[in-house]
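Using the sequences provided together with the hints, build the complete structure.
Listed in order, the protein sequences are those of chains A and B. So for the first sequence, our numbering puts the first residue at 1; every next one is plus one. So for the second sequence, our numbering puts the first residue at 133; every next one is plus one.
Hints are computed from structural coordinates only; laboratory data are not their basis. Any given hint could turn out to be false.
[Unchecked claim] Estimated spans, in silico, between C-beta atoms of each pair:
(1) A:N121 with B:L155: 20 to 26 Å
(2) A:P49 with B:R175: 21 to 27 Å
(3) B:P141 with A:T51: 17 to 23 Å
(4) B:K234 with A:P75: 37 to 43 Å
(5) B:E225 with A:E22: 23 to 29 Å
(6) B:A238 with A:T126: 27 to 33 Å
In this text, a Cβ means the ideal position worked out from N, Cα and C, and glycines have one as well.
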Amino acid sequence: AAIAGLPSIALGAEKAEMRVAEFLGGATASEGGLSLEMPEIAENGNTVPLTVRVDGEATADRYAESVLILADGNPEPGVATFHFTPLSGTQEASTRMRLAKTQNVIAVAKMNDGSFMRTDNLVKVTIGGCGG
Amino acid sequence: MSKPRVKIPKSAAAGEIITIKTLITHKMESGQRKDKQGNPIPRMIINSFECTFNGERVFGCDMEPAISANPYLQFTARVPESGEFEFVWKDDEGSVFSTKKKIKVA
Numbered sequence: 001a002a003i004a005g006l007p008s009i010a011l012g013a014e015k016a017e018m019r020v021a022e023f024l025g026g027a028t029a030s031e032g033g034l035s036l037e038m039p040e041i042a043e044n045g046n047t048v049p050l051t052v053r054v055d056g057e058a059t060a061d062r063y064a065e066s067v068l069i070l071a072d073g074n075p076e077p078g079v080a081t082f083h084f085t086p087l088s089g090t091q092e093a094s095t096r097m098r099l100a101k102t103q104n105v106i107a108v109a110k111m112n113d114g115s116f117m118r119t120d121n122l123v124k125v126t127i128g129g130c131g132g
Numbered sequence: 133m134s135k136p137r138v139k140i141p142k143s144a145a146a147g148e149i150i151t152i153k154t155l156i157t158h159k160m161e162s163g164q165r166k167d168k169q170g171n172p173i174p175r176m177i178i179n180s181f182e183c184t185f186n187g188e189r190v191f192g193c194d195m196e197p198a199i200s201a202n203p204y205l206q207f208t209a210r211v212p213e214s215g216e217f218e219f220v221w222k223d224d225e226g227s228v229f230s231t232k233k234k235i236k237v238a
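Spelled out as structure tokens, the structure:
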């Protein structure tokens, strides 16, 4: 239950960590090899560009099966899950997302060998994007 | 009506990695907004995207309400041979939108 007075970002962060834990299924994520490219300051939270990149080409031996993207300051943390395959060539994809306010965007990649990587990135939002 | 748009090169070298850009018009109603009477507006978003080449999966994306209106996706594909890409979007009401693009390997 939410505790009165706690900033809502704390609740969002809790929800986001629950999603991460579910995605990891008990495994541990390492750092490095996965990056998120976003503006440091997003003027319009309705459409914030985002690029996810797992280092190295996608091959039959090594590719990112799923990359979960979460935004821990939104009412619901889920943004998207990208699925790469050996036919993807690179392990890089871009989209545009809504961010309600300044917050952390988290990416967790699950590789085909069952290993995980994680990265956290702060985005400052000038005008929030969850309208109403 | 949601209209998908896809940009890919017409030809590629065998094994080349190409960039694919897709956009589909869709309001992506997040489920977080309220109408003038204060009633919640139900969620109605594109929730999945799939790209296949000659029937084999290239790239997929599960979308959640934080994806912006008119969802844009850019990704890449390795082109092993001449063939056809198919792009399929699905929304919360069960509507399916799709388009195809041919590519020639010289």
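Checked hints:
For A:N121 and B:L155, the hinted distance range of 20 to 26 Å is satisfied, since their beta carbons lie about 25 Å from each other. Checked against the given bound of 21 to 27 Å, the beta carbons of A:P49 and B:R175, roughly 23 Å apart, stay inside it. Checked against the hint of 17 to 23 Å, the pair B:P141 and A:T51 passes, with Cβ atoms roughly 20 Å apart. Hint check: B:K234 to A:P75, Cβ distance near 42 Å, so the stated range 37 to 43 Å holds.
As the Cβ distance of B:E225 to A:E22 is approximately 27 Å, the hint placing it in 23 to 29 Å holds. Separated by about 47 Å at the C-beta atoms, B:A238 and A:T126 break the suggested range of 27 to 33 Å.
Comparing the model with each numbered hint stated earlier shows that hint 6 is the single one that does not hold.
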